[in-house]
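Model the full assembly from the supplied sequences, consistent with the hints where possible.
Here the working numbering is used: the sequence shown runs in plain steps of one and ends on residue 89.
Worth flagging that the hints you see were computed from the coordinates, not collected in a lab. You may find that some hints are simply not true.
Said to hold, decoys possible - Each computed SDA-like pair below joins lysine to any residue, with the alpha-carbon atoms no more than 20 Å apart:
1) Lys51 <-> Ala71
2) Lys81 <-> Ala71
3) Lys33 <-> Trp5
4) Lys78 <-> Ala62
5) Lys81 <-> Glu59
6) Lys34 <-> Asn4
7) Lys69 <-> Lys51
8) Lys52 <-> Ala84
9) Lys46 <-> Trp5
10) Lys78 <-> Trp5
11) Lys78 <-> Val66
12) Lys52 <-> Lys78
13) Lys69 <-> Ser30
Said to hold, decoys possible - Now the in silico label distances, taken between C-beta atoms and shown as ranges:
14) Glu35 <-> Asn13: 34 to 44 Å
15) Leu76 <-> Ala24: 29 to 39 Å
16) Asn13 <-> Lys34: 30 to 40 Å
17) Gln23 <-> Leu85: 30 to 40 Å
18) Pro39 <-> Lys12: 29 to 39 Å
The beta carbon of each residue, even a glycine, is placed where N, CA and C say it ideally should be.
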Amino acid sequence: MQNNWMQDESLKNIEPYKLEFLQALVFESSNLKKEQMLPFLMAVAKRGQEKKVSFSDDEINAIVAVLRKYASPDELSKIEKVMALRSRK
Numbered sequence: 001m002q003n004n005w006m007q008d009e010s011l012k013n014i015e016p017y018k019l020e021f022l023q024a025l026v027f028e029s030s031n032l033k034k035e036q037m038l039p040f041l042m043a044v045a046k047r048g049q050e051k052k053v054s055f056s057d058d059e060i061n062a063i064v065a066v067l068r069k070y071a072s073p074d075e076l077s078k079i080e081k082v083m084a085l086r087s088r089k
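Below you can see the structure in the form of structure tokens.
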């Protein structure tokens, strides 16, 4: 996925540093296998706490909608898996 998703008009109210944090995570997770996702997401949560990065539900919903719009079929599959994990909590 290219960085152009970060320029989507739907994300204009989200702080740029939050989007940059997400872009780094998208890049880091691009080659993870299914069994690696949960440990990765737990590490991401810890990193977010350390850097004081948090997202409201509205921000998460907007970001996921935009990511779905720009994602390849493989990336879309990964997004759906992450969202399924998120909904379990």
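Given the hint that Lys69 pairs with Ser30, test it: the Cα-Cα distance must not exceed 20 Å.
holds (17 Å)
Does Ala71 lie within 20 Å of Lys51 when you go C-alpha to C-alpha?
This hinted pair is violated, its Cα atoms lying about 26 Å apart.
Falls inside 30 to 40 Å, the C-beta gap from Gln23 to Leu85?
violated (20 Å)
Between Lys81 and Glu59, is the straight-line Cα distance small enough, at 20 Å or below?
holds (19 Å)
Does Ala84 lie within 20 Å of Lys52 when you go C-alpha to C-alpha?
The given pair, whose Cα atoms are some 24 Å apart, is violated under the 20 Å limit.
Straight-line Cα separation of Lys34 and Asn4 no greater than 20 Å?
With Cα atoms ~26 Å apart, Lys34 and Asn4 exceed 20 Å; violated.
Please verify whether Lys78 and Val66 have alpha carbons no more than 20 Å apart.
At roughly 14 Å apart (the allowed maximum being 20 Å), Val66 and Lys78 satisfy the hint.
Are the Cα positions of Lys78 and Trp5 separated by 20 Å at most?
holds (16 Å)
Sort out whether Ala62 lies within 20 Å of Lys78, counting only the CA atoms.
holds (17 Å)
Is the gap between the beta carbons of Asn13 and Lys34 within 30 to 40 Å?
holds (33 Å)
Within 20 Å, alpha carbon to alpha carbon, are Lys46 and Trp5?
With Cα atoms ~25 Å apart, Lys46 and Trp5 exceed 20 Å; violated.
Does the structure keep Lys69 and Lys51 at a Cα separation of 20 Å or less?
Violated, because 28 Å separates the two Cα atoms, which is more than 20 Å.
Hints 1, 3, 6, 7, 8, 9, 12, 15 and 17, counting from the list given before, are not met by this structure.
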